[in-house]
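Protein chains: 2
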Amino acid sequence: MPNPTAAILIIGDEILTGRTREGNAHFLAGKLVEQGITCREIRIVPDDNDVIVAAVRELSSRHDHLFTSGGIGPTHDDITADAVAEAMGAALDVREDAREILAAYYAARGVEFTAARLRMARIPEGATLIENPVSGAPGFSCGNVHVMAGVPNIFQAMVEGLLPRLTGGAPLLSRNWQVPRPEATVADELRRIAGEFPDLSLGSYPYIQEGRYGTNLVARGTDPALVEAGWQALKDAFPEGQ
Amino acid sequence: MPNPTAAILIIGDEILTGRTREGNAHFLAGKLVEQGITCREIRIVPDDNDVIVAAVRELSSRHDHLFTSGGIGPTHDDITADAVAEAMGAALDVREDAREILAAYYAARGVEFTAARLRMARIPEGATLIENPVSGAPGFSCGNVHVMAGVPNIFQAMVEGLLPRLTGGAPLLSRNWQVPRPEATVADELRRIAGEFPDLSLGSYPYIQEGRYGTNLVARGTDPALVEAGWQALKDAFPEGQ
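Order-wise, the sequence lines are chains E and B.
The working numbering applies: residue 1 is where the first sequence begins, and numbers increase by one.
The working numbering applies: residue 1001 is where the second sequence begins, and numbers increase by one.
Bear in mind the hints are in silico, worked out from the structure with no lab data behind them.
Even for Gly, the Cβ is constructed at its ideal location relative to N, Cα and C.
Fair warning: there could be bad hints in the mix.
Unchecked claim - Facing chain B, a subset of chain E residues (Cβ under 7 angstroms, in silico):
id, residue
1, 14
2, 18
3, 21
4, 35
5, 45
6, 77
7, 79
8, 116
9, 183
10, 204
11, 205
12, 206
Chain E with its partners taken away, still in its complex shape (with noise of 0.2 angstroms):
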């Protein structure tokens, strides 16, 4: 059975202007690889009701499951919740077990429960939470759509807590050899390895280390051995790398 595929959804104007550099998208697609669910598309979107709502449709239909990150706060720009609930058609409002843990985290640290903290406390009906043990306010899995903040540290906790109840598939495996020569030298031989192992995805990545041209080679794959013996036909191929 091939891996349950996913996209990632990034929501905030901060990330289209330049202004934030988005690392929550690497950060997820990293553990994805580890729990064996493959990432097919990583897509940044703006605060803008509409095109969240038309996004979320598509990418939650089109894949095994959605995570969203960004815009679940509590300003007037925070819109997530309402968008995911409108695509998913559920309804939106207050839910007692959102607030409760709401209420406990604020009293626990005697910090007022303000109408905009309330805000954070507005779950789809049906949805289940994501625990936040940074700073209380849940996010929620409505349907395949799994909704976390943006804030970094916030997101990943969130992500810890989700990737556990979701079912993975066999992890991608890969194994790097990096070849000091320029990409094009080594395309010939790389599409013949290509060719030898159709299970396999054969990367080449050039760079330019202290002006000198080079490759890293990645194999790619579900199958230990597979990956193993694809690892060792870039190595017999271009024995000067390491």
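Given chain E, put chain B in place with the hints provided.
Just chain B now, kept in the frame of chain E:
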């Protein structure tokens, strides 16, 4: 007249597997802001012809510009030129002007002009070349699709060469006001100010620094006086900031 819009399409398995942390989209997004071109979407897709073709068609028809990064090197997994040509209905073959650029580049460096390198002279019919001062092989603009390399320093050099050719609008300006308060406690005032400045985009970005919560407030717009006025309103509302 509203500013032109753009999307950025990043092509490469290595980003979706978490191997590489993408930085080209972040770089270009910042440049587009300066040029007055509004980036509305960033999308990252695998080295899959059908997926790239569909994304190029959708994003190039929806926006004034589409910028792509990755997949134009010499190896078998470099399929971006083929996919863009297919999406735009243009023939693809070795083009004499591109071949001459590569021949001269390699001749000057005593490097062999192999069949693999000749792949990089395949340019869609009617496309305009984008100069590559780093490693010779050009990018190209095919209609409103601007195809550039994935290696960061080559991508950046291509962007610098391309952008002056494109007509932008009023640059998006932004001013930041950092407030040492949790995001929830600025929400009400921020919503009020956003209502007073409907032509500005007001964003709030929570952070945690040395265990303390704070929020960066950002006023964005194209009218300098309005951005200044919005920023002043933020300062007045949260005088403890900086």
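Results of checking the hints against the structure:
1. Interface hint status for residue 14/E: upheld, as the beta-carbon distance to the closest one in chain B is roughly 6 angstroms, under 7 angstroms.
2. Checking residue 18/E against chain B by beta carbon gives a least distance of about 3 angstroms; that is within 7 angstroms, so the hint holds.
3. The beta carbon of residue 21/E is positioned within 7 angstroms of a beta carbon in chain B (closest approach about 4 angstroms), and the interface hint is therefore held.
4. Because the beta carbon of residue 35/E sits about 11 angstroms from the nearest beta carbon in chain B, more than 7 angstroms, this interface hint is broken.
5. Look at residue 45/E: its Cβ gets to within about 6 angstroms of chain B, closer than 7 angstroms, so that hint holds up.
6. Given hint, residue 77/E at the interface with chain B, holds; its Cβ is 6 angstroms from that chain's nearest Cβ, closer than 7 angstroms.
7. Using the Cβ-Cβ criterion of 7 angstroms, the hint placing residue 79/E at the interface with chain B is not satisfied: the shortest such distance is roughly 12 angstroms.
8. Hint status for residue 116/E relative to chain B: holds, with the closest Cβ pair at about 3 angstroms, below 7 angstroms.
9. Because the closest C-beta pair between residue 183/E and chain B is about 5 angstroms apart, less than 7 angstroms, the hint holds.
10. With 7 angstroms as the threshold, the beta carbon of residue 204/E comes within range of chain B, its nearest partner Cβ sitting at about 5 angstroms, so the hint holds.
11. With its C-beta approaching chain B no nearer than about 6 angstroms, residue 205/E sits inside the 7 angstroms limit, and its interface hint holds.
12. For the restraint placing residue 206/E at the interface with chain B, the shortest Cβ-Cβ distance is roughly 6 angstroms, inside the 7 angstroms limit, so the hint holds.
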